[in-house]
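Enquirer: Residue strings, one per chain:
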Amino acid sequence: MRFSSFFRSKHKNNENTHEFPVDLKKSLDKNLDTLKQMLENPNDLMIRVFSLGQTERRCAIVYIDGLADRMEINTNVMKNLQLFAYKENLPAGAGKLLQEVEKELVSVGDVTTGHDLDDAANGLLYGSTLVYLDGVDQVLIIGMKGWDTRAISEPISESLIRGPREGFTENYRTNTTMIRRHIRDPNLRFKTYDIGRRSKKKLSVAYIEGIIHPDLIKEIDRRVKSIDLDDAPESGFIEEWIEDSFLSPFPQLINTERPDKVSTALLQGKAGIILDGTPFALIAPATLGGTLQSPEDYYERWMIGSFLRLLRYFASFLAMFLPALYIALVSYHQGMIPSQLAFSIAATREGVPFPAFIEAIMMGMTMELLREAGARLPTTIGNTIGIVGGLVIGEAAVQAGIVSPVMVIVVALTAIASFSIPAYSVAISFRLLRFAFMMAAAILGLYGIVLIYIMINIHIVNLKSIGVPYSAPFSPTFFRDWKDLVLRAPITMRPRRPSFLRTDDSKSANKGDSSQ
Amino acid sequence: MTRFEYSDDYISDKEILIAVPSIMIGVGILSVPKDLAEQTIGSDGWLPLAAGGVIVIAMTWLVARLAAKFPQQSFLAYSSKITSRPAGIAFTVLLSIQGIMLTAYETRIIANVADQYLFDRTPVEVVALAFLLVVVYAVSGSRTGLFRLNMMFLPIILAISLIVMVFTTGWFEPGNLLPVMRTDAAGFWNAMNQSTFSYIGFGILLFYTALVKNPKNVPWKASAGASIAVFLYILFYLICIGVFGNLVTANLQYPTVELAKEVKIPGGFFERFESLFFVIWIMAIFNTTTMAMDAAVFALNSIFKKDRKMPIIFLLAPLAYLMGMIPEDINEVSAFGTFTSYYGAAITVSITILLYMIAKLRGVKAND
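If you read the protein sequences in the order shown, they are chains L and H. Using my numbering, the letters of the first sequence map in sequence onto residues 1 to 516. Using my numbering, the letters of the second sequence map in sequence onto residues 1 to 368.
Honestly, I wouldn't trust all of these hints.
Unchecked claim - As a list, the in silico SDA-like pairs of lysine to any residue whose alpha-carbon atoms are at most 25 Å apart: (1) H:LYS261 x L:LEU487; (2) H:LYS14 x L:ASN457; (3) H:LYS261 x L:SER331; (4) H:LYS216 x L:SER499; (5) L:LYS483 x H:LEU162; (6) L:LYS483 x H:ILE160; (7) H:LYS261 x L:ALA346; (8) H:LYS264 x L:GLY335; (9) H:LYS213 x L:ARG494; (10) H:LYS264 x L:PHE317; (11) H:LYS14 x L:ARG494; (12) H:LYS14 x L:LEU288; (13) H:LYS14 x L:ASP481; (14) H:LYS14 x L:LEU487; (15) H:LYS14 x L:ALA342; (16) H:LYS264 x L:SER344; (17) H:LYS264 x L:ALA342; (18) H:LYS309 x L:ASN457; (19) L:LYS25 x L:THR113.
It is worth saying that the hints were derived from the structure and are not from the lab.
Input sequences plus hints: build the corresponding full structure.
Expert: Here it is as structure tokens:
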């Protein structure tokens, strides 16, 4: 077991307070005492001792209430053992008897034999049930988890008009099952790790052998193995630990609640990372082009999908540049605005006491506050925030002459644009960059904006996601992948997987031609 | 099993195809129609422009051919092999001086044009410094990243050129192109000089070909890239003459930017298109500048055994900045530009031909 080190280190830390043996003893009472001592006998530790029928040998069932399925234990384990005890010709030796018991319990669940305290404690804390038999220094571990989980529901953070309505849940097994249900390929792999020195959560790297590039999976494996945390409550911890550059504003792994999105990514030659306890899976590697794609692009017909994508590129342009352009045009390049419009802007700005930059920062921050407040509140109260923001602040600020109506339009348009970006993590980094653009525009006008734009491009071309350039397939250029980048070509015209991922099996569709 | 070959330190010949026009299209194209119109009559300038272009394409091929003979070897390595190490170092230093001068010149021009078309109150020094800092940021990143940047910006640059050309066709008067072939031999000769030297930058191939894993096709790809630049130069020249006429073009400082001024976007939601054109053209100038500076850094770094990239950058950047700020007025700036291009062309061409001849005479091969 990988985590045996945990117990050893615990021994070392608590050397003075606790002293208990790490190996199992032959005596049942001693074993149970050790277990109680280690866990400090909590009230959810259930120990049921009984004697095994005619053999008179004492036997104990140990589980943690709430983690193990109590019904199963009662109806299957207990009952089976009671019936078993009245069989004829039971062996007298304790070791032999344990083997017989093991055979008997195979019908209940997966049974393994544990040899030391680590095995026992690990099994117990994962929700398994332990069966001790007096006189043997071994323990049977019956995998019978059963705890309450949330039912599968619609993913809240990524709603689609057309597409599957199911989202991941907090239950790791449910999540892997959902992926298996999408891809019934025998080559689908779940490489499983235990994450967290103390929390010991399951983490699976899902990929399809034969499609994904082996180097990619090797690199992900290396990085996941390097994770050394007490606990990973959310996949964000994993993301931050294994991403290439923590200085980047861009997310280098995509998070999603949608099983269909993960399985599509797997079929493209990417890997999915599923962590126990969170409905957010990660997809690696990510590219800039990929962050602006939504599964719905593929579910709608290609023209609509392409249009939606174009719209999103336009939206991200607005979300990043619009307030900055307003500042630059109003404060430096008034000549670039057509005279009619320039006059009306000037008229509305009359009496506004602040320069355009202060105005934009004020309104921009207000917008961010409204968004943040709206996200934290329950939906019913959330609507109130909309009214407060839209009417009270927007309308009143203009009436009071603090901001100009044009500024309100600009901020509103920017907000709408940033909400139309499908991935929340990308939208938020775009919003962050918007402030950088605004500052540059205030200092150097359009020149400043273009310099910041160039800097962001420099950053992007140097950025990698698990070794894959973030700017692929724009540059390094893979023209074949451009069919599914800004536009979304019809499915019959895209018979290949993305070539920038260097997949082993490049064909994803067959139109009847046998030529490769 | 294919490897992630694009993730490592190598580039493909495709990226050379993009890099060559990226370095050639810079500030030169903004003022070349003026220089040619001064020397020639009517639209005769296209002829020396095309002839100069052919020479440059041929030179590009030759330079790339020389470098491609020694695959994955740095310029210093193969020039030392052909001549001797001191000579190789001397060549490297001479070529990197060209890079520094080009960086300085481009930085100065960008500041001057910004001063003219974007803002008149901000000091030139600040504009130039901001630009140079961004260039330093780019150069301190990965080298393959610069080639990717070229690929990111070149389509934008070509698109804005196309927009300018399409939207000025309304003002294009074929009569302005006449008369044809009235320029005398001296005019042609001068114009030829002007045009040939305006296409500088192919010298980078001496260094960057070493980054291409399989450089067999590099000469052809590089020539194709150079012809993109030549084609764009000729188109811009002809449209400038067609729109403004010879006389006006000769008296405009930056005819290409003025051309963008004529653009009227239908619907009229945008005025003074030349500001926007120039803002986008900054990306073109940026590409030229980073490639020039990085080539200099790359060259000088090859002299040292250890990696001294960052110290070299921090040494060269202030040097380039000071050099760019020395010229006091527009005439001195253009004299500096002329000197830069003459120096660059002379050094690149003479070193290439020299190395070629010695290599032939001594029969030096890549594996020796």
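Enquirer: Of the hints given before, which are not true for this structure?
Expert: 1, 9, 15
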